[in-house]
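2 protein chains.
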Amino acid sequence: MSHYQHILIAADFSDHNKQVCEQAREIAQRYQTRLSICHIIEDFPITDFAYEPMISVDLGMRDAMLESGKKHIAQLASGLDIPSDNQWVEFGNPNHDIVRLAQENNVDLIVTGSHGRHGIQLLLGSTANAILHHAHCDVLAVRLQKS
Amino acid sequence: MSHYQHILIAADFSDHNKQVCEQAREIAQRYQTRLSICHIIEDFPITDFAYEPMISVDLGMRDAMLESGKKHIAQLASGLDIPSDNQWVEFGNPNHDIVRLAQENNVDLIVTGSHGRHGIQLLLGSTANAILHHAHCDVLAVRLQKS
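Chain order of the listed sequences is A and B.
Be aware that the first sequence starts at 2, since it is given in the working numbering, and climbs by one per residue.
Be aware that the second sequence starts at 2, since it is given in the working numbering, and climbs by one per residue.
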């Protein structure tokens with residue numbers, strides 16, 4: 002299992018995303034692997050019956066978010082020569098759905114960003130944590146440098 | 002920062018250590034990097050005054066553990082062509098001292114094993130977690146397969 006064949010970038014659209022993509026591309030080139038990219042949009046309830054009068058989420062907003070995510074990923078993917086079949090944008094729980102996508106597509110290395118453990122960064126780093134524990138494959142956490 | 006130049010294996014002497022070493026060697030070869038290996042022996046107090054009558058830890062035992070660790074690492078290192086100058090065995094706190102060693106030696110990728118999050122494996126995985134959050138460089142967590 003030491004020769005990677007399919008690398009998945011878990012993109013989060015932060016300013017540092019470029020670092021993650023560059024590192025993944027570099028490894029994909031050195032290993033001559035297939036490269037894919039995914040982005041999971043944190044899911045939210047369309048309607049919460051308890052708070053219905055307060056929450057009014059247009060279904061169109063959901064579609065707009067998905068479209069926007071797909072455009073963003075397509076832009077990143079074009080710079081990495083990733084074909085559209087290897088771009089996945091979905092609503093879900095990033096902590097679980099990145100791992101699920103990896104498993105479904107025989108990914109053997111997930112590349113994601115890792116933040117330090119101070120303040121807000123601790124929260125941002127939790128997806129990397131979850132991937133680390135749940136993934137059935139190797140995980141490369143790219144240390145995001147402060148710009 | 003996308004070209005790795007110095008990779009550090011954080012070895013824990015578990016049965017799965019070979020997987021971590023093989024993956025690290027593979028990357029080191031593909032990137033043509035320097036490869037180092039370290040093992041931190043969990044530190045313990047020589048004497049606990051509260052329990053002195055019950056605990057009698059011979060200083061010689063500490064030396065023996067260090068020697069044993071060094072022998073083990075030397076054995077692993079010889080299979081990886083790692084010179085003695087790049088083998089570090091120390092007493093300390095694995096969660097912090099692996100990261101410290103990496104920083105002191107300009108390591109840009111730490112390779113360590115990651116366990117699932119069930120039962121005892123959750124505890125074993127905590128070093129990978131700590132490295133992920135504290136490291137100033139990238140971290141590759143090699144998913145340890147049940148043998």
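Source of the hints: derived by calculation from the structure; they are not laboratory data.
You may find that some hints are simply not true.
[What the hints assert, rightly or not] Not the full set, but computed from the structure, chain A residues with beta-carbon under 10 angstroms of chain B:
#1 7
#2 13
#3 31
#4 85
#5 89
#6 90
#7 93
#8 116
#9 146
[What the hints assert, rightly or not] Cβ pair distances, simulated, as ranges:
#10 B:69 / A:23: 39 to 49 angstroms
#11 B:4 / A:73: 18 to 28 angstroms
#12 B:65 / A:82: 31 to 41 angstroms
#13 B:65 / A:44: 38 to 48 angstroms
#14 B:79 / A:6: 50 to 60 angstroms
#15 B:33 / A:82: 15 to 25 angstroms
We put the CB at the ideal spot given by N, CA and C, even for glycine.
Quick rundown of the hints versus the structure:
With 10 angstroms as the threshold, the beta carbon of residue 7 of chain A stays out of range of chain B, its nearest partner Cβ sitting at about 14 angstroms, so the hint is violated. With a cut of 10 angstroms, the hint placing residue 13 of chain A at the interface with chain B is violated, because the nearest CB-to-CB distance is about 16 angstroms. Proximity of residue 31 of chain A to chain B holds as hinted, the smallest CB-CB distance being about 4 angstroms (cut-off 10 angstroms). Hint status for residue 85 of chain A relative to chain B: violated, with the closest Cβ pair at about 25 angstroms, above 10 angstroms.
This hint is violated: residue 89 of chain A has a C-beta 21 angstroms from the nearest C-beta of chain B, more than the 10 angstroms allowed. The beta carbon of residue 90 of chain A comes no nearer than 25 angstroms to any beta carbon in chain B, farther than 10 angstroms, and the hint placing it at the interface is violated. At its closest, the beta carbon of residue 93 of chain A sits 19 angstroms from a beta carbon of chain B; the interface hint therefore is violated under the 10 angstroms criterion. Using the Cβ-Cβ criterion of 10 angstroms, the hint placing residue 116 of chain A at the interface with chain B is satisfied: the shortest such distance is roughly 8 angstroms.
The closest approach between the C-beta of residue 146 of chain A and any C-beta of chain B is roughly 7 angstroms, which is under the 10 angstroms cut-off, so the hint is satisfied. Between residue 69 of chain B and residue 23 of chain A the beta carbons are some 42 angstroms apart, a value that agrees with the proposed interval 39 to 49 angstroms. In this structure, residue 4 of chain B and residue 73 of chain A meet the distance hint of 18 to 28 angstroms, their C-beta atoms being roughly 27 angstroms apart. Between residue 65 of chain B and residue 82 of chain A the C-beta distance comes to about 55 angstroms, which lies outside the given range of 31 to 41 angstroms.
With their beta carbons about 55 angstroms apart, residue 65 of chain B and residue 44 of chain A fall outside the hinted range of 38 to 48 angstroms. At roughly 29 angstroms, the beta-carbon separation of residue 79 of chain B and residue 6 of chain A lies outside the given 50 to 60 angstroms, and the hint is violated. At about 24 angstroms, the beta-carbon gap between residue 33 of chain B and residue 82 of chain A stays in the expected band of 15 to 25 angstroms.
In summary, the structure is inconsistent with hints 1, 2, 4, 5, 6, 7, 12, 13 and 14 from the numbered list given earlier, while agreeing with the others.
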